[in-house]
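Enquirer: For the record, the sequence lines run as chains A and B.
For the first sequence, the numbering used here assigns the number 1 to the initial residue and increments by one for each residue that follows.
For the second sequence, the numbering used here assigns the number 1001 to the initial residue and increments by one for each residue that follows.
Because the hints were derived from the structure by calculation, they are not lab data.
A portion of the hints provided could be inaccurate.
[What the hints assert, rightly or not] Partner residues are not named here, just some residues of chain A that face chain B (Cβ under 10 Å, in silico):
no., residue
1, 258
2, 275
3, 280
4, 302
All residues carry an ideal CB built from backbone N, CA and C; glycine is no exception.
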Amino acid sequence: MTDGLATRAARATPPAAARKIRGLSDRAIAWIFVAPTIFLLLAVNIFPLIWTIRLSFTNFRANRNREVEWVGLRNYERILTDSDIWLTMQATAHFLFWTIFFQVLIGFALAYLINKNFRGSPFWTTVIVLPMMLSPAVVGNFWTFLYQPQIGLFNYVVEFFTGIPASSFEMIGSVNLAPWSIVIVDTWMWTPFVMLICLAGLRSIPAYIYEAAEIDRASKWRQFWTITVPMVLPFLMLAVLFRGIENFKMFDLVVQLTGGGPGSVTELTSINLKREAFEKWRTGYASAYAIILFVTVFGLASIYVKALNAVKER
Amino acid sequence: MNPTKYLAATALAAGTLTMAHGAAAEELTLCWAAWDPANALVELSKEFEAESGHTMNFEFVPWPNFADRMLNELNSGGKLCDLLIGDSQWIGGGAENGHYVKLNDFFDSEGISMDDFAPATVYAYSTWPKGSPNYYALPAMGDANGWFYRKDWFENEEIRAAYMEETGEELREPQSQQELMQIAKFFQEREIDGQTRYGVSIFTERGSEGITMGATGALYAWGFKYENEPGSYDMEGAVNSPEAVEALEFYKELYQCCTPPGYTDAYMEQSLDAFKSGQVAMAMNWFAFFPGLYADPNTGGDKIDFFVNPPQNVAASTLGGQGISVVSYSDKQDAALEYIKWFAQPEVQAKWWELGGYSAHNSVLQGDGFTDSAPFAGDFLTAMDGVQDFWQEPAYAELLLAMQKRLHDYIVADQGTAQEALDKLIEDWTETFEDEGKL
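Just chain B, with the same shape it has in the complex:
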């Protein structure tokens, strides 16, 4: 190549790159919780770096400290995070306190339609006020609380015969909450392969959100509602309904009868550890962990299977998952919005699911063969059809801490009755809503 042609080619290449990037290369920081999907996102984001020229940094905080750390960051107007994958419950505070950038204009200008995402995820992760077409996040990670169990034990003929003899029923994936407890009782302190096993690992954690996320799995299945009429903040008779009392008594009995010893402050990690170490027959956890569980060399593969939170009066699961938002205090909002635009593309969403993230994009969820793409994919779809979430009010942290206290006092510390716990919870929540000027 002669020098003139060489210079022309170099100039053309440089011009193309400049146009492709459209802006100066930035260093973006994305904040999220430290867990399996975060690693998948790091992998996925390498494509964004290659395409855009921006550099991605990540700030991942362990779950027990995630809310504390990130909400403090937002409340102090910190510039650490340009992008934040924040919990669904933060959306109210994020919007009302001006922490998140409203994305409507951006979505309109870039042709990003919320109709392309599963409605439950748009409602839960993106909108404030709830259900309104005001978007503060793009659904990033669909999630719900589900269950997994030792399939090899459930298929073991000897164990099945023992279960039949003890209960008169077939050992199978539980079809109701009561059946789940029956199975858990059967496995509790049972000798299998020379070791003592236990029934279930459930969430009992006190410090952050654990016991609330676990117990609401039972409460929602019994038909629990936060208000008599949505938006009325009228809680008497809803929060402490006879069904809610029954559900709470159930969860306490499940904790007392069927968990391993010392299981008083357990959340995601402890539940995973209990299952992976072969202690328990069944465990609850977020779908986000299921790819990792399935891949586990000791308890995954043929030894594990999954099921949706069993119904009791209604089919319902506790919502997890998060949307991705642009932090309003960031100086690099344009580059952050570029990331969201890139992330919303169907092909990126498909890769996201492939790597272990839970896409909420319809092109993925309704795509051919999605339900067969992973042993838990079908359950995930079923769960997302019936998800319910905690309050998403700006005062969510206060509401959550009150519930953590009342539930832990009753379930783990064995103080008072379920009725008293729920009555006190209404008192706490009423005080909060009065302070908020909503009552």
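With the rest of the complex left out, here is chain A:
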């Protein structure tokens, strides 16, 4: 039998080098393989995070050539006592809660219907999924036209169904309606995503469980609450987690749609943070702001993931 490639390579390796490699433990070799990734992670994730934490205690401005002063907790104090920031948080909470609420409700309902495998359901699945394939900036832009009180289709549709004159209300311009206008657009765009996850959950339920329930003469309503909902719940919770994190950092769609206005009623934290960091150039202040948001999201997400794991293990 002729020599294999490995044998030939071993023979060609100088004895010293071969001895060295042979002397390494499995753990050391593993570290050698993992080290580049860890180094990259440290460089692009951990170092910037530590640097941001450091900057958050200074008055640093990235657009100035002046001495950076240590200001202690002043940036944090300013942010947490600023009523405008709290209004921004409130706007974000409103957006977050209602978008997730509607997306889960409608997404689950659509998935439930599609799962019935009626005639043409693959076609309708494709149609429903279309909005989430578009760019958020494009969606924001064309919805500004749809919301136009004089020429926009949305107002005419509302007029058609409710009789409220189309030119009598402004979705984007009204303080009361603008927060709902962004909820509507985000729901329109991202409900299909929730629907797909729910659909995956529904299709993962084995048919024999329903058959067993039928044998036990459980009603459809009972089957829904005791089989469908508990078994889809981990998927639903995952969808909520994804949408929650995504919407907490929502920026492009809302900037295109309302620019944070009227006034500041749709100015979400990410828009506000961008203004502080890259328009006002208050780098130190914006770093503190970013750290507060990071801790909030990280904390809430950790709690949520624990709950998700608990549900999965049930």
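Given the coordinates of chain A, work out where chain B should sit on it, guided by the hints.
Expert: Then chain B, alone, in the frame of chain A:
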């Protein structure tokens, strides 16, 4: 021609060209906003290319993103722009942060005198600290916020009679801010030629500088001041004076009573669109757009006329316009300075005005027949006599964003009172000046 003579002539021509150029041909990039005057500058610059042998490239950014894009470029020490026609408010930051080349020595060596330019433009576009003889830009484009209206409607006998009946006054170019609102109310939702028309289009934009530039038109007319004493940063009683409160209430009422529906985030483009589509009787915008408006086949010519921002307590207009600066990070500063030298020539300035740019050179502005050279030329001169500008501090962006927020919250979002908006604005600005070490 025999070969010897031919070679000699070629050598002479080559030598002349080399001397004329004085330096190697460069590719210069000039950065500015994307708007009508920028196209005129492209046309004008062809002469510079022919004369100097340099090639001009242009980077024009739409107004809503102009400040963001260019200030980021400067702050990062970018080399994209060799020449920058930057907003007047950037001059403080440009000078203090070392973005712009100081031009005093260059002006002295080339015999360029700032006395040849309109004093208001030199003060606003070139100097830092304000009013000092430290020049960081050459006045490139004079501008102010002005007004235009449907002359054909104002001259229509039927409409005039209706106005007289409703107000007891003649319909004319408004002589005060209050008269402007009265006229706007008259036109609001009026049927003209079978269509519903509206009173005015004004600036309400939130994202960049729109609502501040619009509302200051009213504030300045009421006598608004940023400080009690120039340079003191003492704002209490000036920024929130009773006159300022009254002016802000006026602007809000004008927005609520007399703008087209959905007019909550409108700046230059939206104002032009509203007028050109025949929606509004009057509109505010920068003089820079007036040549284009006058040339418009549908609403220009005999159908349009122009007026200066009407006074209330004082005659004043919001300053626009820009100076041209050499970016300190450019590797082609010599060629960039060559462009400025060429641009400062009186004959180039005359051509600049002819093409649609607003020259700030005295030889143009004080030249024979300037006021008759365009229907808005006289108004431009009047406006430039009373222009006022926003803060030009290095922290201008922060100061501007605070004002954008407070004004939009009050005027468009209808939150709080004018007094509260201006009081909060003082708080914001005080915090900024404290951070800057100026208070």
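Enquirer: Work down the list of hints and note, for each, if the structure agrees.
Expert: Evaluated hints:
{"no.": "1", "hint": "258", "in the structure": "holds, 8 Å"}
{"no.": "2", "hint": "275", "in the structure": "holds, 6 Å"}
{"no.": "3", "hint": "280", "in the structure": "holds, 4 Å"}
{"no.": "4", "hint": "302", "in the structure": "violated, 34 Å"}
Consistency note: the structure conflicts with earlier hint 4 alone.
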